[in-house]
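S.K.: Work the whole structure out from these sequences, hints included.
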Amino acid sequence: MSYAKRDEDSVNRFGILYHIDKTAVLQEARVFNDTPINPRKCRVLLTKIIYLLYLGEPFNTKEATDLFFNVIKLFQSKDTSLRQMMYLVIKELSGVAEDVIMVTQSLIKDIQSKQETIYRANAIRALCLITDPSMIQGIERILKASIVDKNPSVSSAALVSSYHLFNVAKDIVRRWSNEVQEAANPKSSGSGFSSAASYMSSFGGNAAGQSQVVISTSNCTQYHALGLLYLIRERDRMAVAKLVQTFAGSRGGGMFGGGGSPLKNPAAVCLLIRYACKVMEDDPSATQRIYELLEGFLRHKSDMVNLEAARAICAMPDASSKELYPAISVLQLFLSSPKPTLRFAAIRILSNLAMTKPAAVSPCNLDMENLITDQNRSIATFAITTLLKTGNEASVDRLMKQISGFMSEISDEFKVIVVDAIRSLCLKFPTKQAVMLTFLSSVLRDEGGYDFKKTVVEAIFDMVKYISDSKDAALSHLCEFIEDCEFTKLSVRVLHVLGVEGPKTATPTKYIRYIYNRVILENSIVRAAAVNALSKFGTNVDDESVKQSIRVLLTRCLDDTDDEVRDRAAMALALLENAGLAKEYLKDDATFALPTLERQLAEYVNNPLNNDQPFDLTSVPVISKAQEEEEQRRIRTQDASPIPMVKTPSANMPGTPGTPTIPAASAAAASPVSTLDQQAVYAEQLAAISEFASFGTLFKSSTKPVELTESETEYVVHCVKHTFAKHLVFQFNCTNTLNDQLLENVYMIMQPDMDDCGLIKVADLPAEKLEYNIPGTIYVAFEREDEGDFPAVTFTNTLKFEVKDCDPTTGEADPEGYDDEYQVEDVEVMTSDYIRPTYISNFTEEWEPLAESEALDTFALDKDRAPSLKVACASIIDLLGMQALEDSALPKSASVHTLLLSGTFLGGIKVLARCRMTFSNATGVAFELAVRSQDPNVAQIVLSAIA
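The numbering used here puts the last residue of the sequence shown at 947; the count rises by one with no breaks.
Just to be clear, a hint being listed does not mean it is correct.
[Unchecked claim] Restraint-style ranges between C-beta atoms, simulated for each label pair:
#1 856 - 764: 38 to 46 angstroms
#2 707 - 245: 29 to 37 angstroms
#3 764 - 805: 21 to 29 angstroms
Everything labelled a hint here was simulated from the structure, so no lab data went into it.
All residues carry an ideal CB built from backbone N, CA and C; glycine is no exception.
M.R.: Rendered as structure tokens:
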């Protein structure tokens, strides 16, 4: 063989896709008209067409149509590979070309061919894609026959195509349920995976390539049939439960050895497990039965099924340690598997479980320590982060030593994960702060990108804030870091923290040198931040010599080349000379609730009636910066919480297209939203309703919806109370959990506990209909008769509606219905509904001027109602709806405590409360409540809320 010989085929293979021109390709399409057909030339040209289509090269309608009808002339060829390429091009052009329906008969002829041709499955896919939804009934017989065809590839193609057709022809596809059920049963020819072991062994080497080969050459018919069966029955919970029961088989050896269950395909069994979890989610009473099923699948011969079952058990929200033990034992075995994919899957499941139940995962610690040195860095990273969540205080030193040698071998992405885990460990074991701070400072000096360095700096910030013993050392490490920091944003953040925390240390002067070095050596942004930090030292440190040194340094900054640096230095010097201004601008810890401020500013700007009126800043809630940080931390915690491993199957399993629609109300409830952001959302929703447009600005919405029914009842109702200047609006969020009923004209009858309650109903907005599992909203609005009266009322509530029976499968309702009603829990209007929690920076200064309008009384709580001062504080805060100040919500003493509260009463009236409390094991909590306000009547109203 001559190695110098030119291999034209190889040149064509590798050079074919270079410099392809659409016009040249369209001209070359004449090759399809040649007689006889040249398969090789046609395949090359079809490859070019597909390449252009995948690149997004636009074909206009005429070009696509001409090309389409040229391509279908290849039906004359018997070349198998050419025909397969032809079907692919037909499918791609069908969305642009016209009159594609003309090829229907040719496709049907290929589908009904008695020969076992390899392209029958391709013909089915093309036919279903080009068929108009109105004509599907015409090919129904062909598809039903293909579903039960003895050829697995033909059956799978028909099932997947039916899945796609379901959205446009639900009623027709539902009629194929018997054929789909038959396809799900094992074929007598022994189709299916040759064995679960052979399937999973494909993941041992080239996982992506080998698994693809196995799936393409094995029978996935059961998998596709099971997915289509679920889609047909998903609206009927009983039918889904029966589906799971039918295919689960017996709990004997047959089910796990393959003899008792109809499912022989491991992928289908995994899909069944996800459907079983869906049944458990919809019907909590089935939890024990489904758990027994999942536990049985842990002994399946396929590793894939074992992992899916273990993952499902670990994702059960209320699983006990005893219930988790079998799954964790299986995962522990996989940790020592020679296959990297099995080790990775097991450690990932354990890592997610460790976020919520670290004690259950701790028995695997020894096996996970062995994975720290795993060649796969992903596995090693998961092992380290999981150990950091499950380890005890005694193992911290050993873990930190192992991690130190590991950090240099992984990428920044993995380093961020490790540092986040260490940050959690710092707060969990504060006595080990020295070891972990040393580790963080060392990795801070290593090479790394912005995200990595930011994560390390954030971890040190948390140590400064929550571990007082580490403050001096942590601030020193941060000072060293900014000496050679390449990221401006990080330098600015560190300087801010130094300005806030540095003056509080025993020796604040040692940080001033590092800060002033930034004024000399850095860019203008960092210099401006350094000036701000210096000004905080000058304001907050009482030593006069320090103040004089700061004045000298700031005076030098007046000659800076940047305007902003000079302006900040001038302002800082002015503040140093005026203690009152410094207190107002630098020491004040208050801030506005930004979501509410943004909403009210937008309303003010967009309302033409406000042109002659100034913006009322007093209507914006004021909160402490600590509150704002805590709210943001809560949202970040919700964002970082583990995503449930068991989800709706159609959104997780390949080959089952489509994602279920999540109701907007459910999505809003699931997403993390701050309390103030939520009130802004409510205000926007209410403003869009014409009946409420005249009510003015929303004063307050209840923080948490009041549950008026149990979550397991047929109708789930929650209530949110909205307070306006003269009106109260009750928002009832209702969900119908019955799939065989449609509720129409749904409204709420609210009856007060007294006839003359001071509230008059002015609006009643019912929900037009409540479909199965789709939330709806009812509004009822009342107006206060007397502006000076703030009634506390209890309403009894009855849900009234018209019921129409409907088909659980199709959702079609009967034309006739009947009236019905449903009693729900009472709703109370309390004094707290008229009070908005408000932060003030200095309670004493605000308290003393209001001494003339004080209301005072003493109360007692027995031990059953208030077993501790902490519980008593929470109860009082909840009753009054006010803001706890100066960390007084958490008592430092178990016997004596003073609770300080602040709020704004409806109408912008300031109200303060001081509660002096004592606790005795014999009598419970006794307390004296003093309330002061700008209006003496308001003080008395607030005091009476306790009685």
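S.K.: Checking against the hints above, which ones are violated?
M.R.: Violated: none.
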